[in-house]
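**Q** Read off the chains here:
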Amino acid sequence: MSEYIIKNGHVFDPVQGIKGDKKDIAIKDGKIVDKVGSGAKVIDAKDKTVMAGAVEIHAHIAGPKVNLGRIYRPEDKLFSCTATHGMERMGSGASIPTTFKTGYEYAKMGYTTAMEAAMPPLFSRHTHEEIRDTPIIDEGAFPVFGNNWFVLEYLKNHEIENAAAYIAWLLRVTKGYAIKVVNPGGTEAWAWGLNCLSVNDPVPYFDITPAEIVRGLIEANEYLGLPHSMHIHPNNLGNPGCYETTLDTMKLAEGFKAKNKFGREQVLHLTHTQFHSYKGTNWGDFESGAKEVTDYVNKAKNITIDTGNVTLDETTTMTADGPFEHHLTGLNHLKWANVDVELETAAGVVPYIYSPNISVCAIQWAIGLEIPLMMKDPMRCFITTDHPNAGPFTRYPRVFKWLMSEKARETQINAFKHKDKVLSQTSIGSLDREISLYELAQMTRAGPAKSLGLTALCGGLKPGMEADVAVYNFNPDKPVANPDDIEKAFSRCAAVFKSGVQVVSNGEIVSNGNKRTLWVDVKVKENAQVARDISEKFVKYYSMTQNNYEALGHNFVPNPYALEVDATQV
Amino acid sequence: METVTITVKNAPALYLEADNISPDAFAGKTAAQIAELSVHEGNTTSTLGKYFDVSGNAGATAADTKIVVRGDVKKVKYLGFKMSAGELVIEGSADLYVGAWMTGGKILAKGDVAAFAATAMKGGELIIEGNAGNYLGAAYRGDWRGMSGGKILVKGNAGSDVGMFMTGGEMVINGNVDVHLCTHAEGGKVTVKGNATSKVGGQMVDGQIIIFGSIDTMMPGFKPAGEVELEIDGIKATFSHFIGDMGERHKKKKGVVIYANLYKKISSP
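Residue numbers (our numbering), protein chains in the order written: chain A, 52 to 621; chain B, 71 to 339.
Treat the hints with care, as some may be off.
Within a straight-line C-alpha distance of at most 27 Å, the following computed DSSO-like cross-link-like pairs (lysine-lysine) qualify [as the list claims (entries may be wrong)]:
hint: 1; chain 1: B; residue 1: Lys144; chain 2: A; residue 2: Lys386
hint: 2; chain 1: A; residue 1: Lys352; chain 2: A; residue 2: Lys70
hint: 3; chain 1: A; residue 1: Lys58; chain 2: A; residue 2: Lys529
hint: 4; chain 1: A; residue 1: Lys468; chain 2: B; residue 2: Lys192
Calculated Cβ distances over 12 Å to all of chain B for the following chain A residues [stated by the list, open to error]:
hint: 5; residue: Lys74
hint: 6; residue: Glu270
hint: 7; residue: Leu385
hint: 8; residue: Val621
Bear in mind the hints are in silico, worked out from the structure with no lab data behind them. Idealized CB from N, CA, C, for every residue including glycine.
Looking at chain A on its own, in the form it has when it is part of the complex (with noise of 0.2 Å):
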């Protein structure tokens, strides 16, 4: 494989505590390395900004319901399509692009790694087959668990370990990644024509709390150790006052340690933070409850975050909270479309237009700020819009601005209709924090790769590691003359890396790279319980096989990458 040398770029990567110094950055088959030879190609990073390749925790990229999303909005496709040209594939899609689009508008802006967060174990197939066509960055993607029929079985009666020995099979037939959490027992609960908005709702039938789920279910994370941990939606998402409930499932982590073996520390993610920040009573009073939470945040060192920034932009939402876009199309009488999907999960999908003519979104967009701004530890909090919910993923480069640009968060309140409404409602307009490229690199490579157990993969530039780089032409040692300068550089890297593939050269594609799964395959001690339980739904419940059920071989995980999990000695 060819060696490379990125030369003279300001460095910027917390995991050597490497501040925008001058350094060069060596590439020697795949890995990063202390020193290459003579003939290494160069490449000149004078006057860039050098980071590790970004890592992407949060994002519904590949499945049935981002398929679904593609589906029944044509017009998301209407004029947002690329033709061919040199290594690209045609692309469309603004909000939920095509599976080419995906991989290179993220290699574009330097990410090469991305999670998809939501998986129905029973589309898994699916899922891996978009995750197969989608070129160049290393994708994984996370079952959801909280509304699964074993797991509320399990849980109920707290057998942890069978719940466990349940979510190593179901992570290893699925290809999965981790355990995700999408209103704990609240979609289970829509199939009965209800809903769980708080921890202690009961779910029907089954006679768990989402409590119980939510904490059965880091402890079952724990016991295994796996490389993530228990990564979570909560209960009433998206409705005034919901902030409430988000602190109530935080405190369910209390008291719980990380135990694993990939330097992980928290026990629980907590996903798009933004839609879970709301004070108030109704649409009319709404407010933001961004401080409380990160104060709690800011508190309590055994759990990490991400943003959901609203980006103000027409996108699409979808989500395995089958109930909330029910609820959703109920406010914005736009399409809607559901999923149910057996004995696992369901799904909703509703377009959604995020209005700066709107107060809601505005509040919205500026609690999406708020959170990153308020937090202490970027270590802790990483940047995503919960695409597409939030917004696309390909908005990126403008969250950066507004984070890194006070001047730039005035510029768009100052375009807001109810400018007045956004600074009374929240603190945005007190906040003079601007994130820092360090910091920057923290919370959206260096923090993920950490929260997801990839430490020792990426995320950072250390020798040994994966040579996944991205170069930007973004000068520190000048002052912003104008904030769109740092959207424009984000926004198309002059070179990125991908375990030392050259991808992208001067934001163009010129490599499809080598594009792999991630997956965790964890062994655990044989349970015969468990194998009766999974055969018995199968013949009783599921409408297809348990043969036909697992997604294995070239046609779904061409290039599998497994983390190593042994839990047989717990």
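Take the given structure of chain A and dock chain B to it, following the hints.
**A** What follows is chain B alone, placed relative to chain A:
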């Protein structure tokens, strides 16, 4: 105003997607530069000059530019696509998407136009001297935003699904319309001087439809609301008034529930 005349010299074998034939794309260009603009035939991109003779230079802006299209353009799509100002005269009949997404200016089609003319039109004026196809002034596939402004006049007949998801603007059809007039409409005004086929105003929640002729089957969701005298284009007549679609959600304005209004002329004895 400067006039650019484009005349078909080589008819395309396939359908031609000519989204550059608009005053906005022509503005500021000479005849030679206009001939270099791109068009797509199937999966092949080539130049306007391959299919058309171009004579005359465009004005400095779209508003100063008039385009006259001559010859058989029955296989040419997207004439006047996204135009914002100026004029476009189509001397024959044209294919799909005439004046689609237009925001201003004026289009005069002397022949017929095929489906999807004035898709999501926001402003300007479209006059069709012949017949219009299906989905006139409608929303794009999957979209919920149809014609929202401007004026359309059809001197002949129009096809089905006219004004689907229409939210504003005005449309007059001198002839007849086919099924599904103003499905899902949330505003705007459509006058049909001839007859309408069934399913008029299905799921329509706001806006107006005026029918001078007959409706072969009324939607059950429309409720009689008496008779009214209306004066349209200088003609006074009595109309049966219906409100609907009663099966749908309706918004309130100042405490009053808003319904779509359907007026059907009572034929004189």
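**Q** With the threshold set at 27 Å, check whether the alpha-carbon distance from A:Lys58 to A:Lys529 stays at or below it.
**A** holds, 19 Å
**Q** Check whether the Cα positions of A:Lys468 and B:Lys192 lie no farther apart than 27 Å.
**A** Holds, because 22 Å separates the two Cα atoms, which is no more than 27 Å.
**Q** If you draw a straight line from the CA of B:Lys144 to the CA of A:Lys386, is it 27 Å or shorter?
**A** violated, 35 Å
**Q** A:Val621: least C-beta distance to chain B exceeds 12 Å?
**A** The claim holds: A:Val621 sits with its nearest Cβ about 51 Å from chain B, beyond 12 Å.
**Q** Just checking, A:Lys74 versus chain B, shortest CB gap more than 12 Å?
**A** Consistent with the label, A:Lys74 stays out of reach of chain B, its closest Cβ about 46 Å off (over 12 Å).
**Q** Verify that the Cβ of A:Leu385 lies farther than 12 Å from every Cβ atom of chain B, and report whether the claim holds or is violated.
**A** Incorrect as stated: the minimum Cβ-Cβ distance to chain B is 6 Å, not above 12 Å.
**Q** Would the hint linking A:Lys352 and A:Lys70 be met if the CA-CA limit is 27 Å?
**A** The hint holds at about 24 Å.
**Q** Confirm or reject the statement that A:Glu270 sits farther than 12 Å, beta carbon to beta carbon, from all of chain B.
**A** For A:Glu270, whose nearest Cβ neighbour in chain B is about 45 Å away, the distance exceeds 12 Å, so it holds.
The structure shown violates the earlier hints numbered 1 and 7.
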